[in-house]
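Engineer: For reference, the chains in residue letters:
There are 4 protein chains.
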Amino acid sequence: MMDSNMTPHHFTAQVYYEDTDHSGVVYHANYLKFFERAREDIMGTKVLADMWHKHEIGFAIYKINIGYHEGAIFGDRLDIRTTWKKEGHYRIIFFHEAWRPDGKKAAVTCTLELVCLGPNKKLMPIPDLDFLKSKE
Amino acid sequence: MMDSNMTPHHFTAQVYYEDTDHSGVVYHANYLKFFERAREDIMGTKVLADMWHKHEIGFAIYKINIGYHEGAIFGDRLDIRTTWKKEGHYRIIFFHEAWRPDGKKAAVTCTLELVCLGPNKKLMPIPDLDFLKSKE
Amino acid sequence: MMDSNMTPHHFTAQVYYEDTDHSGVVYHANYLKFFERAREDIMGTKVLADMWHKHEIGFAIYKINIGYHEGAIFGDRLDIRTTWKKEGHYRIIFFHEAWRPDGKKAAVTCTLELVCLGPNKKLMPIPDLDFLKSKE
Amino acid sequence: MMDSNMTPHHFTAQVYYEDTDHSGVVYHANYLKFFERAREDIMGTKVLADMWHKHEIGFAIYKINIGYHEGAIFGDRLDIRTTWKKEGHYRIIFFHEAWRPDGKKAAVTCTLELVCLGPNKKLMPIPDLDFLKSKE
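Protein chains in written order, with the UniProt record's numbering: chain V, 1 to 136; chain C, 1 to 136; chain E, 1 to 136; chain A, 1 to 136.
Everything labelled a hint here was simulated from the structure, so no lab data went into it.
Please note that the accuracy of each hint is not assured.
[What the hints assert, rightly or not] Stretch by stretch, here's where chain C covers chain A in the computed footprint (C-beta under 8 Å, at least three residues): (1) 76-89; (2) 98-112.
[Stated by the list, open to error] Derived DSS-like pairs: lysine-lysine, alpha-carbon spacing no greater than 25 Å straight-line: (3) Lys54/V <-> Lys121/E; (4) Lys105/V <-> Lys122/A; (5) Lys54/V <-> Lys46/C; (6) Lys63/E <-> Lys63/C; (7) Lys121/V <-> Lys54/E; (8) Lys63/A <-> Lys85/V.
What you are looking at is a predicted structure, and each value in this text was computed from that prediction instead of being measured.
Cβ coordinates follow ideal geometry from the N, Cα and C atoms, glycine included.
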């Protein structure tokens with residue numbers, strides 16, 4: 001068992017007016033929203049909603065590194081490619097890329113570390129969730 | 001020909017962390033984003049992107065009335081139901097509703113008037129777009 | 001005693017990148033954020049934070065009417081002018097205007113009705129808060 | 001001449017409803033908005049607006065590293081402390097910290113690299129702006 005998944009998960013994020021700024025491209029902070037939507041698609045929204053509403057358990061972001069290489073524009077359907085791995089008992093690392101249609105390389109790349117917080121925001125080991133199980 | 005469409009168009013807007021606020025429900029302004037995504041789905045994003053990037057023509061919002069009846073929460077998949085009609089040569093009116101899963105009535109309702117602006121933000125007649133053609 | 005205040009309250013909202021969209025002006029939904037910041041300035045953030053964190057009481061928006069007359073741009077320092085009145089025991093109505101620097105008329109106007117929700121989102125009478133006391 | 005400024009610049013960012021999410025703290029991406037407001041305060045909004053509207057020159061973000069240590073809540077007035085330095089002809093590096101009221105250490109820390117883009121998004125040397133001049 002590997003506790004990781006290195007075959008990219010694909011999620012489509014469409015660029016709407018709300019995502020752009022007056023320079024004509026997507027506002028830099030908004031890629032973090034696209035990446036979070038992808039993670040929720042991977043983890044399962046119902047799983048996350050139940051963890052939160054029934055057990056007060058949620059994921060918190062601990063660290064983010066982002067690189068911006070090209071600006072996405074209104075109308076782009078971005079392909080968000082994500083791989084991830086569990087590290088130790090307390091951390092999950094996600095590797096996100098945002099690809100523009102017909103892009104030759106990723107427009108934006110991101111490495112993001114998550115930890116898990118229980119009631120009263122107390123750090124707890126990552127629960128044994130389905131998306132962390134090896135696909136092999 | 002009717003220049004209107006009274007059979008609701010359906011669009012799904014999933015409620016993510018980004019959409020909620022600390023009171024536990026969707027932040028009031030964010031429903032306007034869901035409604036805009038639905039309008040772009042209706043009008044065709046490629047049509048809108050081409051209008052904007054090639055001809056500097058875009059739609060601008062002139063008036064909005066919103067009623068809030070129930071708060072949507074994280075994990076909800078909202079059904080955005082939209083009808084619309086053209087009024088005169090210069091206005092399109094959209095009627096949006098956001099329905100929660102298993103909702104007995106609309107959680108949020110919205111009437112929104114659009115006008116069309118050409119280069120230099122000059123008011124112009126609504127172009128003859130496909131989504132305005134009667135479905136009959 | 002009047003339970004209203006018809007001398008406008010002034011609040012400055014600066015337009016940042018985050019507020020604009022690729023059409024070059026402020027994204028329509030973002031004026032609602034400016035108006036909310038003004039209301040919190042009027043009501044007192046500490047009062048609101050205490051109501052929420054200690055008593056689980058908060059204000060919820062019930063209805064909004066907005067009119068858009070001119071687009072604000074990056075760098076504008078908007079003057080948000082607000083008056084308000086209490087109506088009956090359960091509603092407060094706010095009248096907001098966003099003025100651009102050197103504007104001849106309001107760029108955006110908004111009428112907004114608030115109600116008060118206690119624990120479990122139960123409707124309750126508007127509390128006897130300082131900002132509702134007549135200034136006369 | 002140093003092309004750097006290591007005495008922190010202070011900027012206050014108030015946490016409003018719009019900034020929080022349903023977990024009760026500020027949504028992770030929104031600290032990037034606070035940091036950008038601080039940078040615009042440092043650079044001078046009028047300078048930036050003129051660069052953009054008159055010369056089509058703007059700053060673009062190239063890289064960001066963020067660390068999250070504590071969550072800010074509704075009503076917090078965050079002290080955004082910023083230092084910066086120019087590196088070579090093409091890069092400015094900003095060091096941002098968000099401090100909660102009575103915080104013992106920074107709640108969020110961020111290192112951010114900016115480059116300068118001229119018309120057609122072409123990379124250009126950093127202009128000789130006032131905020132880059134040594135204060136000594």
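Engineer: Next step is simple, just say for each hint if it's right about the structure.
Structural biologist: Do the hints match the structure? See the list:
1. With 0 residues having a beta carbon nearer than 8 Å to a beta carbon of chain C, the stretch 76-89 of chain A misses the requirement of three or more and the stated coverage is violated.
2. Coverage of a stretch by a chain is defined here by at least three residues with a beta carbon nearer than 8 Å to that chain's beta carbons; for the stretch 98-112 of chain A and chain C the count is 0, and the condition is violated.
3. For a cut-off of 25 Å, the pair hint linking Lys54/V to Lys121/E stands: about 18 Å separates their Cα positions.
4. Pair hint Lys105/V plus Lys122/A holds up; C-alpha atoms about 18 Å apart against a cutoff of 25 Å.
5. Our distance criterion of 25 Å between C-alpha atoms is broken by Lys54/V and Lys46/C, whose separation comes to about 42 Å.
6. For the proposed pair Lys63/E and Lys63/C, the alpha carbon gap of about 14 Å is at most 25 Å, so the pair holds.
7. Distance check on the hinted pair: Lys121/V and Lys54/E sit about 18 Å apart at the alpha-carbon level, within 25 Å; holds.
8. The suggested pairing of Lys63/A with Lys85/V holds, with an alpha-carbon distance near 23 Å, which does not exceed 25 Å.
The earlier numbered hints that this structure contradicts are 1, 2 and 5.
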